[in-house]
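J.: Position 20 of the sequence shown, counting from 1, maps to 93 under this note's numbering, and the rest follow consecutively.
Derived from the structure by calculation, the hints contain no laboratory data. The reader is advised that the hints may include incorrect statements.
[Claimed, not checked] DSSO-like, lysine-lysine: derived pairs with alpha carbons at most 30 Å apart:
no., residue 1, residue 2
1, 152, 194
2, 152, 187
3, 88, 191
4, 195, 238
5, 88, 220
6, 191, 97
7, 230, 152
8, 242, 195
9, 88, 217
10, 115, 160
11, 115, 191
12, 238, 223
13, 91, 152
14, 220, 97
15, 230, 220
16, 97, 187
17, 242, 230
18, 97, 238
19, 242, 148
20, 194, 88
21, 115, 88
22, 201, 148
23, 160, 195
24, 217, 201
25, 152, 238
26, 242, 152
27, 217, 230
28, 201, 187
29, 88, 195
30, 91, 187
31, 97, 242
32, 201, 191
33, 195, 220
34, 91, 115
35, 230, 216
[As the list claims (entries may be wrong)] Just the calculated beta-carbon pair ranges, DEER-fashion:
no., residue 1, residue 2, range
36, 122, 101, 26 to 36 Å
37, 91, 171, 11 to 21 Å
38, 182, 231, 47 to 57 Å
Here a beta-carbon is modelled for each residue, glycine too, at the ideal position from N, C-alpha and C.
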Amino acid sequence: MSEAIDELFLFGEDKMEKAISQLKREFGTIRTGRANPGVLDKVVVDYYGVSTALRQMSQVSVSEGTTLIITPYDKSILKDIEKAIIKAELGIAPNSDGICIRLNFPALTEDRRKEIVKDVKKVGEEAKVAIRNIRRDMTDGVKKVEKDEKLPEDSVKDYQDQIQKLTDKYIRIIESAVSEKEIEVLTV
Numbered sequence: 074m075s076e077a078i079d080e081l082f083l084f085g086e087d088k089m090e091k092a093i094s095q096l097k098r099e100f101g102t103i104r105t106g107r108a109n110p111g112v113l114d115k116v117v118v119d120y121y122g123v124s125t126a127l128r129q130m131s132q133v134s135v136s137e138g139t140t141l142i143i144t145p146y147d148k149s150i151l152k153d154i155e156k157a158i159i160k161a162e163l164g165i166a167p168n169s170d171g172i173c174i175r176l177n178f179p180a181l182t183e184d185r186r187k188e189i190v191k192d193v194k195k196v197g198e199e200a201k202v203a204i205r206n207i208r209r210d211m212t213d214g215v216k217k218v219e220k221d222e223k224l225p226e227d228s229v230k231d232y233q234d235q236i237q238k239l240t241d242k243y244i245r246i247i248e249s250a251v252s253e254k255e256i257e258v259l260t261v
């Protein structure tokens with residue numbers, strides 16, 4: 074393999090890994106009926122004029138599997154945290170006792186679980202599209218190297234087969250992650 078092809082494969086695989094990481098982050102923010110601190114990743118609090126991630130300014134713990142307890146390091150910002158949670162539209166009302174905020178996750182209805190599964194599939198499909206776009210970019214890169222370095226057609230075909238195998242590997246990882254998340258959502 075030429076140096077340009079090696080770099081192309083390393084770069085492509087790195088981008089595919091990042092697509093998988095993004096998929097897992099997105100899955101972490103999907104509510105499943107169980108308390109998961111990951112749903113707070115998108116919550117940003119205005120802290121003295123600076124937008125700050127909620128999880129950077131408080132301790133978050135899970136109680137009884139269905140309740141998140143948010144204990145801010147600075148108690149004076151409890152109201153700001155409540156406002157940020159409401160603004161984030163998590164579908165959960167915050168309950169403050171002056172020391173901490175509790176988020177009680179209600180059990181999901183069957184219809185809501187089915188809607189969430191559709192969202193999971195949509196996120197999975199978006200990740201597959203990202204992987205296929207990376208495959209296209211890699212294939213275009215191989216064609217460019219072919220022109221620049223006058224690679225033999227057999228080598229180009231082999232590289233394209235390797236790119237497809239890499240793509241198939243990451244598509245399987247996505248399908249597996251989607252399947253696991255569906256089972257998690259549908260488990261009562």
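J.: With reference to the structure, classify each hint as holding or not holding.
T.: Cross-check of the supplied hints:
Between residue 152 and residue 194 the CA atoms are separated by roughly 36 Å; this puts the pair beyond 30 Å, and the hint is violated. Under the criterion of a C-alpha separation no larger than 30 Å, the hint pairing residue 152 with residue 187 is inconsistent with the structure, at around 34 Å. Taking the CA atoms of residue 88 and residue 191, the gap is near 25 Å; set against the 30 Å cutoff, the hint holds. Taking the CA atoms of residue 195 and residue 238, the gap is near 23 Å; set against the 30 Å cutoff, the hint holds.
Straight-line distance between C-alpha atoms of residue 88 and residue 220 comes to about 24 Å, which keeps the hinted pair within the 30 Å bound. With a C-alpha separation of about 16 Å, the suggested pairing of residue 191 with residue 97 holds against the 30 Å cut-off. Under the criterion of a C-alpha separation no larger than 30 Å, the hint pairing residue 230 with residue 152 is inconsistent with the structure, at around 61 Å. Simply put, residue 242 and residue 195 have alpha-carbon atoms about 19 Å apart, close enough for the 30 Å limit, and the pair holds.
A distance of roughly 19 Å separates the Cα atoms of residue 88 and residue 217; the hinted pair therefore holds under the 30 Å criterion. Only pairs whose Cα atoms come within 30 Å are accepted, and residue 115 paired with residue 160 is accepted, the gap being roughly 11 Å. In summary, the hint linking residue 115 to residue 191 is supported, as the alpha carbons are separated by about 21 Å, within the 30 Å threshold. Of the supplied pair hints, the one linking residue 238 and residue 223 holds, its CA atoms being roughly 24 Å apart against a limit of 30 Å.
About 36 Å separates the Cα atoms of residue 91 and residue 152, which puts this hinted pair outside 30 Å; it is violated. For the suggested pair residue 220 and residue 97, the alpha carbons sit about 38 Å apart, so the restraint of at most 30 Å is broken. This hinted pair checks out: residue 230 and residue 220 have alpha carbons roughly 14 Å apart, not beyond 30 Å. The straight-line distance between the Cα atoms of residue 97 and residue 187 is roughly 20 Å, inside the 30 Å bound, and the hint therefore holds.
At most 30 Å may separate the alpha-carbon atoms for a hinted pair to count; residue 242 and residue 230 meet this at roughly 18 Å. Proximity of residue 97 to residue 238 is assessed by CA-CA distance (about 22 Å); at most 30 Å being required, the pair is judged to hold. This hinted pair does not check out: residue 242 and residue 148 have alpha carbons roughly 48 Å apart, beyond 30 Å. Proposed proximity of residue 194 and residue 88 is supported: the alpha carbons are some 21 Å apart, at most 30 Å.
For the hint linking residue 115 to residue 88, the alpha-carbon distance of about 23 Å falls within 30 Å, and the restraint holds. Under the criterion of a C-alpha separation no larger than 30 Å, the hint pairing residue 201 with residue 148 is inconsistent with the structure, at around 43 Å. Proximity of residue 160 to residue 195 is assessed by CA-CA distance (about 24 Å); at most 30 Å being required, the pair is judged to hold. Pair hint residue 217 plus residue 201 holds up; C-alpha atoms about 24 Å apart against a cutoff of 30 Å.
Taking the CA atoms of residue 152 and residue 238, the gap is about 52 Å. The hint is violated against a cut of 30 Å. Restraint check: the Cα-Cα separation between residue 242 and residue 152 comes to about 47 Å, which exceeds 30 Å; the hinted pair is violated. A threshold of 30 Å between alpha carbons decides the hint, and for residue 217 with residue 230 the separation of about 14 Å falls inside it, so the pair holds. A hinted pair counts as satisfied when its Cα atoms are at most 30 Å apart, and residue 201 with residue 187 qualifies at roughly 21 Å.
Our distance criterion of 30 Å between C-alpha atoms is met by residue 88 and residue 195, whose separation comes to about 20 Å. With a C-alpha separation of about 28 Å, the suggested pair residue 91 and residue 187 falls inside the 30 Å cut-off, and the hint holds. Of the pairs offered as hints, the one joining residue 97 and residue 242 holds, with about 16 Å between alpha carbons and a cut-off of 30 Å not exceeded. Note on residue 201 and residue 191: the hinted pairing holds, with a Cα-Cα distance of about 15 Å set against a maximum of 30 Å.
Of the supplied pair hints, the one linking residue 195 and residue 220 is violated, its CA atoms being roughly 38 Å apart against a limit of 30 Å. With a CA separation close to 19 Å, the supplied pair residue 91 and residue 115 stays within the 30 Å bound. A C-alpha spacing of about 10 Å is found between residue 230 and residue 216, which places the hinted pair at or below 30 Å, so the restraint holds. Separated by about 28 Å at the C-beta atoms, residue 122 and residue 101 satisfy the suggested range of 26 to 36 Å.
Taking 11 to 21 Å as the suggested C-beta distance range, the pair residue 91 and residue 171 does not conform, at roughly 42 Å. Evaluation of the 47 to 57 Å hint for residue 182 and residue 231 yields a pass: the beta carbon distance comes to about 52 Å.
Of the hints listed earlier, those the structure fails to meet are numbers 1, 2, 7, 13, 14, 19, 22, 25, 26, 33 and 37, in rising order.
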